[in-house]
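A.B. asks: Sequence:
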Amino acid sequence: MGEPWPFVGRHAERDAVLHSVTATAPRGVVLSGAAGIGKSRLLREVLKQLDRDRLSVLQVAATAATQNLPLGAFAEILPPAPPMGANASLLLRWALDAIRSRADDRRIVLVVDDIHLLDPLGATLALYVCRNNAATLIASHRSEASVDDAITALWKDGLVDRMEIKALDETQTTELLTTVLGGPVQQASANRLWQITEGNALLLREVLASIGDTSELNQAQGLWTWSGRLNTGTALSQLVDSRIGRLEEPERRVLELVALGEPIGFSLVVRECGDVALRSTEEKGLIRILDDGMRSNVRLTHPIYGEVIRQNLGTTRSRQRRAELAAMIESTGARRREDLLRVAVWRLDSRTATNPDLLLRAAGIAFADMDTRLAARLAQAAQAVGAGLPALELHATAVGFSGAPQRAIDMLDEAAETHTSDWEVARIAVARSVQQMTGIDDADPLRDLEEATAKVTDPTTRAWMRAHIAPERMLYAQYDKLDELINDITADPHSSDAARAFARTLQLEMSCARGEPVTALKRIVQMERTSLALFPEMPYLSNSIQNTIGTASLLSGDLTHVLGLLDEPGSFAIQFFPILEGQVVLNRAQGLRMIGRTRESFRLAQGALSHLHTAGRIFLPAVYAELAQAAAINGDGVAADEYLVEAERTLVRSRRNHAPAVGLSRIQVEASAGRLEAARDSAERLLFDLRRNGLHAFEVLALHALTRAGLADDAVGRRIAELAAHVEGALAQAAARHTKALLSANVGELKSVVEDFAGLRLNLYAAEAAAQAYQLNATDAIAFRLADLLALCEGVHTPALRLGMIQLTERELEIAELAASGMSSRQIAEHLVVSTRTPDNHLFKVYTKLGIAGRAELTARLKLYKALHGQRTR
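Going by my numbering, the sequence shown wraps up at 1472, each residue one higher than the last.
Do not rely on the hints blindly, as some may be mistaken.
Derived Cβ-Cβ restraints for the label pairs, each shown as a range [as the list claims (entries may be wrong)]:
| no. | residue 1 | residue 2 | range |
| --- | --- | --- | --- |
| 1 | GLU1412 | ARG1283 | 47 to 53 Å |
| 2 | ARG652 | ALA679 | 27 to 33 Å |
| 3 | ASP839 | GLU762 | 26 to 32 Å |
Worth flagging that the hints you see were computed from the coordinates, not collected in a lab. Note that the Cβ used here is the ideal one computed from N, Cα and C, for glycine as well.
Based on the provided sequences and hints, a complete structural model is requested.
C.D. replies: This is the structure:
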């Protein structure tokens, strides 16, 4: 990783700088941002793009070494001997004339890296250059550094534009990581690296250097995954130490406590460390004091400080600080949920944990928070101090969900030898069945759980077990038997409220698939708000609720519930929890695909895949199917075929509920590959199964898939119209209208359907409908609308979007853009210094490739061309 990193995520800023400094009336630009943010890298990329035939580019690099030398940074571009005995004014005039003399009949561009390090005379020279229009300035500037007044006058006096360069966002960081590592990165790992570096490219580089040659960063299933553990190598430690600086012991104690305990209450830190140490640490810019509702909390100013401080703490000192933190929070009563968990972890890590109730409760919190490895640690510790079967059951479950299902089953089988009461048998049997279902391909968990239930005599315990049999019947796609069991559970007087609620969620999920997703969504959201008290008895009730919310959202076309948290940083824990989060991640990936963010969908599903192979295999067919769909839409037919094979291979008897997702994926893959008869045959088989099982909402999606691929016929039109009469939701209605409009070649109706889909945020579907309208009537209005929709998508190459536009050469595109901007052929020729016939010759080729008659249609078609072509590079 010693080579220069690729240029990622700053293309808009680069283009803006180039546009500003090369315009007819150029303006200088100062790139301002924090240290390590990527200003100098952006500056180098701008330099690469400058046309040296038209511009005289003078480069200056200010450094700490030149800061005390008058005009020291300019030494390389000024004559070797300044005028003898010249005062500051004469030196400035001499330097200004020397810069002007470098023009050679070209416009001068003066490039200054780290302009904040210029000496006072050099800063004044930069100001004079701009005021006298001697050159166009491009400079980088560290925003937190103090600078000479002459530098701030550059933007205060309006001589240059100041462009604030922000940290890389999560998407840009993921793109950079993917490029540097040479392959896709697990979403959770990319998110964590983005969080601890806060998008600072320099810190990211040092973090990668510290873990690059270790076992903490691995590539498996074609995906780079980081363990979350940081090896603070020499370079990273030195970088952080240089920023932290020299500390007194009270200040170091503040940093160590905050690093291990943040966020930590302001009053607690003052009580333990004193106000003087806290204030001095804040003044050095190492901590922040933030208001959190009624409390003031202390945090480190940068996450990487905490990573390095924690790594470099010795064992004894680390245990001492953690014990201090536990005592500090315990002194306040540790009433908050997160306080209880933190105290338990600190006690565990400091070897002072002795309270079984504290450890077991904390393990349950960690389990609910999807941190299975922490849950396993805490539950094991609770076992060791006498918490009994509840701790053992939670320990085994957490171990299984952390990637070792067979080990979990062995632990439960061993426990079954000594725990023989009905309730103990039930708890162990259900926990064992869940591990079989989620982690073992060739098991028959439904049979095993039904056999265990038959041995239980207590009617209340049997009712509880039957409530857990119900979801397994759904997973086996035994829908008729599921209906019977749900009715039995509801009618059984021994069924608890939690058991009935569990059955009700499954009933609502079935009603979604059968055509009532809107009603089901409304009711399941209400259940989510009122069922919290039932989760301790039925932990997987939460999972069932989330499954139903996801299914109802996707089938109704209301994606709010599955996409609502997508843009929140840190949405996914570094330790992915397959059984409780797998369906949520899958639904989010499906929703992203539907709105056109297919590459993000692909990354999300691929990130889940590496975890699901060891635990949560229950979701493998649907995740592989989603990867196949996303790959097909992105134009990668080879990968799509490979993922589809895996989807069908993993569709074993205990995962048959994913058959609709796999079938829909096959239609998309076949159609995208141009295998149209195979797509029709796949649709016919899927539609037969969906009708047989009464899954009418999925049937709408299958029929609409044919419409989107341009394969719908009159039979498809009649059937989807019938379904739309009773399948709830805006998606079903829009799909039926889409099919009818396309079959009747009604452009006006297609345009209306485009807006229906756009109103639902279904940008991919809207773009496909717009493209079909364009094929029927290629107007400017439709071209502009389609281009706008494609701008909301990424990498989409579906059959409907193949409009036959032939790729333009760079020269053709350049001339087309100038013509579209309103320049005449003569003006273009003068601008490019070519013969007057050259633009017309190129434009003739452009018109042919874009399928238009002349300039009148160029603006709209060029925008559409660029939107379509942009899908290949986004």
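A.B. asks: All the hints need checking, so say for each whether the structure fits it.
C.D. replies: So, going through the hints one by one against the coordinates:
no. : hint                          : verdict
1   : GLU1412 - ARG1283: 47 to 53 Å : 50 Å, holds
2   : ARG652 - ALA679: 27 to 33 Å   : 31 Å, holds
3   : ASP839 - GLU762: 26 to 32 Å   : 28 Å, holds
Hint violations for this structure: none, all hints satisfied.
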